[in-house]
Amino acid sequence: MKLPRLQRRTLALIAVIAPLVALFLYVALRSGPLAPVAVTVAAVQSQAITPALAGIGTVQARYTYKIGPTYAGRVKRLDVHVGDAVKAGQVLGEMDPIDLDDRIAAQQAAIKSAQAALAQSEARQSFAQAQAARYEQLLLARATSEESTLTKRQERAVADSALAAARADTIRLRAELEALRAQRGNLRLVAPVAGLVAARDADPGTTIVAGQAVVEVIDPASLWVDTRFDQISAEGLAAGLPATVVLRSRRSRGVAGRVLRIEPRADAVTEETLAKIVFDAPPVPLPPLGELAEVTVQLGALPAAPTIPNAAIRTVDGRRGVWKLAGRGLAFAPVVLGRSDLDGRVQVLEGLAAGDRVVVYSEAVLGARSRIHVVERLPGVAP
Amino acid sequence: MISLAGRDILHAWGKFVFTGVGLGLLIGVTLTMAGLYRGMVDDARVLLDSSGADLWVVQKDTLGPYAESSSVPDDLWRGIRTMPGVAQAANVTYLTTQVGKGSQDVRAMVVGISAGEPGAPGWPPQLVAGRQITRGHYEAVADLATGFRLGDVLRIRRNHYTVVGLTRRMVSSSGDPMVFIPLKDAQEAQFLKDNDAILMQRRRTEANPAFNRPAVPGLLEAVIASQAGNAYVNAVLVRIRPEATPQEVAEPIRRWKRLTVYDREQMEGILVGKLIATSAKQIGVFLVILACVSAAIVAFIIYTLTMDKIREIAVLKLIGTRNRTIAAMILQQSLVLGVIGFVVGKISVTFAAPLFPKYVLLVPIDSVLGFFAVLAICVLASVVAIRIALRVDPAQAIG
Numbered sequence: 001m002k003l004p005r006l007q008r009r010t011l012a013l014i015a016v017i018a019p020l021v022a023l024f025l026y027v028a029l030r031s032g033p034l035a036p037v038a039v040t041v042a043a044v045q046s047q048a049i050t051p052a053l054a055g056i057g058t059v060q061a062r063y064t065y066k067i068g069p070t071y072a073g074r075v076k077r078l079d080v081h082v083g084d085a086v087k088a089g090q091v092l093g094e095m096d097p098i099d100l101d102d103r104i105a106a107q108q109a110a111i112k113s114a115q116a117a118l119a120q121s122e123a124r125q126s127f128a129q130a131q132a133a134r135y136e137q138l139l140l141a142r143a144t145s146e147e148s149t150l151t152k153r154q155e156r157a158v159a160d161s162a163l164a165a166a167r168a169d170t171i172r173l174r175a176e177l178e179a180l181r182a183q184r185g186n187l188r189l190v191a192p193v194a195g196l197v198a199a200r201d202a203d204p205g206t207t208i209v210a211g212q213a214v215v216e217v218i219d220p221a222s223l224w225v226d227t228r229f230d231q232i233s234a235e236g237l238a239a240g241l242p243a244t245v246v247l248r249s250r251r252s253r254g255v256a257g258r259v260l261r262i263e264p265r266a267d268a269v270t271e272e273t274l275a276k277i278v279f280d281a282p283p284v285p286l287p288p289l290g291e292l293a294e295v296t297v298q299l300g301a302l303p304a305a306p307t308i309p310n311a312a313i314r315t316v317d318g319r320r321g322v323w324k325l326a327g328r329g330l331a332f333a334p335v336v337l338g339r340s341d342l343d344g345r346v347q348v349l350e351g352l353a354a355g356d357r358v359v360v361y362s363e364a365v366l367g368a369r370s371r372i373h374v375v376e377r378l379p380g381v382a383p
Numbered sequence: 001m002i003s004l005a006g007r008d009i010l011h012a013w014g015k016f017v018f019t020g021v022g023l024g025l026l027i028g029v030t031l032t033m034a035g036l037y038r039g040m041v042d043d044a045r046v047l048l049d050s051s052g053a054d055l056w057v058v059q060k061d062t063l064g065p066y067a068e069s070s071s072v073p074d075d076l077w078r079g080i081r082t083m084p085g086v087a088q089a090a091n092v093t094y095l096t097t098q099v100g101k102g103s104q105d106v107r108a109m110v111v112g113i114s115a116g117e118p119g120a121p122g123w124p125p126q127l128v129a130g131r132q133i134t135r136g137h138y139e140a141v142a143d144l145a146t147g148f149r150l151g152d153v154l155r156i157r158r159n160h161y162t163v164v165g166l167t168r169r170m171v172s173s174s175g176d177p178m179v180f181i182p183l184k185d186a187q188e189a190q191f192l193k194d195n196d197a198i199l200m201q202r203r204r205t206e207a208n209p210a211f212n213r214p215a216v217p218g219l220l221e222a223v224i225a226s227q228a229g230n231a232y233v234n235a236v237l238v239r240i241r242p243e244a245t246p247q248e249v250a251e252p253i254r255r256w257k258r259l260t261v262y263d264r265e266q267m268e269g270i271l272v273g274k275l276i277a278t279s280a281k282q283i284g285v286f287l288v289i290l291a292c293v294s295a296a297i298v299a300f301i302i303y304t305l306t307m308d309k310i311r312e313i314a315v316l317k318l319i320g321t322r323n324r325t326i327a328a329m330i331l332q333q334s335l336v337l338g339v340i341g342f343v344v345g346k347i348s349v350t351f352a353a354p355l356f357p358k359y360v361l362l363v364p365i366d367s368v369l370g371f372f373a374v375l376a377i378c379v380l381a382s383v384v385a386i387r388i389a390l391r392v393d394p395a396q397a398i399g
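Chains as they are written, first to last, in our numbering: chain A, 1 to 383; chain B, 1 to 399.
Isolated chain A, as found in the complex:
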């Protein structure tokens, strides 16, 4: 009776100890540095990629008209407000003329006085002319002295000159009146083109310096996006390429556009290339000026070449390459990379051929002697 009891007890003990030992061995070999590194593998595919460039910019108006007086003065009235649509030639407001109207009245009076003086000169001249003609005839009949005739001739010449002076004076005063009227007209703030009032920088009563803008009018049809591309990823940027503009306020959908031009001057401080992107059709409603926009410029498709995901790229001893599956182990293959697209696919110019299997994701840093364990998806990463 004793032996079976002992056996049962031994069996129970083994039942406890054996799994414990098995678990211990598993733990010792399958975790920590001795465990194989889980990796995912992808085959190098020969495919065409369509590179694209991404930049950000702000919405700007291509034409901005800053309307203000040419002389220092005070704003008298301003008829438009921000957001108003204006027509070409529309009077937007007026500067205070101060003494200009009085000066015009004075000028008009001066013209009248000059006209009176002109009439006087004309009367004098016609009398002098008649006198001179009479004395000429008297001289022919020897009824007067030559001296008197000369005097009359001189009087006629003086009267002619006085008349010319009076005429010129009238013209001068008229011109001066015109000048004053022009100045008076210049006090009106007129829209040069049809557009939208974007800013109203001064209100009636404000004194402003010459050249300071009172109203800013933009041409809404001329909106563009002033875009900045990092120089390192601006290869292939050219005028005319199609672009997609995503406005910060309308993230869900992009607006079609194209590259209008690349600025000849880049930003040397921020190392960015500047470009202007125009909309194919102005977005409705109009985005506010200064709104942030993300711009994606599509480049042409490249011919098919061996392509890898950019997550496969590693740097080992300062060389860039990928871990290639060679037999049961790994071999580091240095590569020369070509263009890449925004989805993270990179063309390989040298170092790999289509069909090679390379490590894409790995749990830990790999080495040539790493034991690997190929999985579909790394643990802990949701599908």
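These are calculated hints, taken from the structure and not from any lab test.
If a hint is listed, it holds; no wrong ones were tucked in.
Which chain A residues face chain B? A few, computed with CB under 7 angstroms, are given here:
(1) Ala54
(2) Asp230
(3) Glu363
By construction, the Cβ of each residue, glycine as well, lies at the ideal position given by its N, Cα and C atoms.
Add chain B to chain A, keeping to what the hints say.
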């Protein structure tokens, strides 16, 4: 010959195994403590590895960029790039901040990586899912520990970033997971205040008569624009040419550029020796205390087990068993207890390690050392019990 120890263990094996399991959990905690320390050191190493740099160029006389704040102009890298022996130089920024997703937020170290291609210094060296950043703005690669998944939109300051790639074990020296974003965004995030603060700053500037002069239109705008820029980064990461040594490259930069340059060893010294020194000591003290407690408990258990069978030992003595045999029995029991404890401890710590919020790194050498330490403790602990057993009067067996 029959094994006295084995027979005795079998006699009450359930109690024995459970005692061993209890002891194992205690040993597990001790091993976890060691793992925590290793994990902290590994966090520091991982931070340095992930930057992929051979040299760190930082503001003069600072311990930056990890242990102290450092800022250098963002066009400095051009000058450093031309120094002899430099293969690559890249700007980098580090900012520990709250990264939000929806209503929750996570503490993370936001790393600003310079534009370019994967493999440049500062870029995440490997991913576990997704892809590397391809756009110059508003994309992020996040660590799995942040809890973000591919396609999530996260918020740093006022900008939103789409998670395009995931990493594992990319952490700062304090264990915060990393979030990689493009450098220009990171510079902005580091400097950019909230909208209210910007507005108030503008108002203050407007109120200053020196800047808001009616006769000089445009001055105010220029001043405000100059306040809103950030042309600084935290460090320049340098990768050197294979033929150059770090010292050769670092010395001219120190001398002629008048900046502080650290190589890998110095950086590790700063991180391990300065940044985590106190926490490491703290854990060290805990480790010693736990070891003492374990030793005391083992001694106590063995003592109790021996006292339980004091009559049997007296009988053994009565029938003329040699002292050596009795001592061997107690010693063997003690060692078996230690082995069970160690096995249970090792298993429990391995399964418990991923549950800890901070990284617990289990190094094989720690396990081996731990095993021998446990055996040594068991041997020492059994000494007391053996002394009592040998002093037992055989008369007790019949008394």
